[in-house]
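Novice: From these two lone chains plus the hints, build me the complex, please.
These protein sequence lines map, in sequence, to chains A and B.
Per the working numbering: the first sequence = residues 1 to 157.
Per the working numbering: the second sequence = residues 1001 to 1326.
Please note that the accuracy of each hint is not assured.
Claimed, not checked - Computed footprint of chain B on chain A, listed as stretches where at least three residues anywhere in the stretch have a Cβ under 8 angstroms from a Cβ of chain B: (1) 62-70; (2) 121-134; (3) 141-151.
The set of hints was computed from the structure by calculation and includes no laboratory data.
Just so you know, even glycine gets a beta-carbon here, dropped at the ideal spot from N, CA and C.
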Amino acid sequence: MKGVAFFLLSLFFFLPWNNFHDVQVAQFELSQNKQSLVLKIEVESKDIFRALTGLEDMPLYQQNAEINDYLQRTTQWFINDEPLAICNYTFLVVDGHFLIESRIKNTFSTIKHVFFVNEFLLDEIPDHMNIIHFRLKEQLRSFKMDKSRQKISLVYD
Amino acid sequence: MNAKQILGLVLFSCLFFCCKKELDCCVLPPEPPVDSSSAVDCAEANAISTVGVDCTFPAPDNSNYVETIDGAIRSISCNTVPNHTYGDFRGRFAPFERSFSLPTSPTIAQETTSIFNTNNRSRYFFGVATNGVYFAPAPATPFIFENTQTGEYNWDWVFEASMNKGPEQDQVKLDCANAHSGDQGYHYHGQMFAFAEVLSPGITSGSVPDEPVQVGWAADGFPMVYLYGPDASGNLVKLTASYRLKEGERPGDGISAPCGPYNGKYYNDYEYIANFGELDECNGIERSITINTPSGRQHFPYFYVVTETFPQIGRCFTGSPDDSFL
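Looking at chain B on its own, in the form it has when it is part of the complex (with noise of 0.2 angstroms):
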């Protein structure tokens, strides 16, 4: 007996005694209904990213940030180019020339301004770093959920970029300042951890600075420090945001709106709780601040932190945001 007359009698003894067994066992079962709804999968869709990009490129030397004041106005002009390590995962870093004006002594506004348009697109950047890289925290597309069967974008679901980091597609490839290059400059879209070691070493791992470390400036005028600011005594402390995670399911069908639970993979995962920690809607604190700026030490009333948790940069202003910003 051959190979092949060997292989075909145990074929033949499988079937003889799987049919023998059971009639209809040969029958293929017939294909399952779908049913749309239930064949979304929440769990893939709703994965997030918390590990970035490596930065392997090394502090450019043409980083460029100059600022000056001219009576009631700061102006400012930078490459956004950075002054620490960085990452490149396209191959699109570029210098990419920009200028800000802000106010000198910015004023609490009434109201406040949100970062967005009213349809949820992004419509402000949140400020400048002290180093010439702007803020952009709001990711534009294709970060946003778009509609599995129209691919039309959902706005009310915009990604939080520092939850969707990694360098998977689908993903926003942040780097080790949660930054990355985009078609107008180099922009940091959560807390700028590399750039925090530049201005105070030590600081992103738990040293304590011996006072304020300001990052930047918000469009408003008002600075931004890093984690740390005054308590109500005057006393360092570190400051936390008044946002948590919703509880429970998100109300989407996994189609047209996302479904599973929230778990910080959108802007609208998050909620504000007034008190929940020190600081107010906007990530800031009506409280004196005295700091030393790149034009010298200045007293402010108000001041915006970035925080370890969300939103870490603010998503809006309690002053008037410039139109440089736009």
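So here's chain A without its partners, still in its complex pose (with noise of 0.2 angstroms):
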């Protein structure tokens, strides 16, 4: 009985759990103008090697494929209700950081509600967080999501 007790223990203080060491962030923004919506996510390349398995050593081509699906996978974007397909990403590794970027047409004549779903690297990195910035309507308008806040409606008069 002693040992069982001695071992689980050891594991609290030995094996790797939730500590502050894994804060890390993850910056998205959604802005438009007449013509288009651009969407820009800016993220640690090193976190998002450790969120997909293997990425590191794919070429870039393929580390591209595979962050667009993982994109797909974990956002979704409404406006005015309606489900927005945002693909065609491009993609930009600068400064041990990956840019990210899609432009859509602007096909919405006022935006008046906005909805985001956001699992970004939730799932895969403790304590991980998104901050989102909404350039739209003249404002600029920033929150948080993480583990606990994964769904934000914005209105706009």
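Specialist: Here it is, written out as structure tokens:
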């Protein structure tokens, strides 16, 4: 019995567990101009390599395809309750970061409601947070999303 | 009687005597109504952290700072690598090449310029140290109060980095120089103790230097000195800031804006009181100073001071900041 207790206590001290060193941040920004809606994502390469096993060893084109698939699985955008199909991401690697961008045609005469579901890296990295900036209707609003907040809803006048 | 029977008897006795004493005692009390406004724990949300991260790395040997003067322009190129010990909490430390331009003979402008945009987001770096590390006293996301229900950042309430130094979650994680590494290189958020010690050993523990110690240049071209500057008679004295903590409680509800007593957690917890100290609103003073700069001995009509107390590094410019600090 004492042996079991000692073993469990050892696990507590020596196994990896969720600590402060794992706080990671990725930034998303959705902006608009007359022609386009522009989504920019910036994430540290080592964070995404940690989340997607084997990604680091892939050639760049394959990395991009994997990250694109992952983004499709983990993010959903809705504007005025219509789902937004964001694909055709472009990728750039700068200073240890992936800079990811997509432009889609702005078909909305006016934006009244934005709904965003985001699970990006939340399952894979403990304590990860995503910071979301909306540059819409001449306002800049920023939100924090994490494990406890995976959906946000914005209403514009 | 075995152990199970004894346990059952004990439990039964407890229930019997409990219910005999007061008939409704066995009924669980109803859940208390949840009042979201009173559920906010202001004390917990208001926690400050003044003990930072250890400097576990030795001074790098590749710190680079080159300053040249060409006519009216002082040009600086650097790599944000410090010449002192440093901490690297997340393993993000890396050189970051930067270049800045400054006027060699700065002048005082008609109006001051804030380091913040009108929406309170950081706009300018305050300046650059003479070891190539830049000054960024105002933190960005995620060090902003966030609405506890929607997650939206409230930019009226920006963390004061020097009061949120620790390694804990949601803290800024500053090292022994009140600095940390970010996407744009290593930078100072407050008093740069470790660098000041390199320039003038003992200065952070009370040794008064023989003459002003320049730690860097502000973005408007005026020099920044550490703690001490000349008084009106030219004697070297410790100069003090003119800010103090506001009194009382913040007006926020704890959901959309912070509540609790003003304790320095946020930049907005402080107020400027003219003539409370010697320094002006930008933590500088219009007074003649002659200092040893990396380009030789120079004279200026105005200088900034890195002070012991808030704001430590100024948050506005008396001159006109150069766009290379945007």
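Novice: Evaluate each hint against the coordinates.
Specialist: The hints, checked one at a time:
| no. | hint | result |
| --- | --- | --- |
| 1 | 62-70 | violated (count 0) |
| 2 | 121-134 | holds (count 3) |
| 3 | 141-151 | holds (count 6) |
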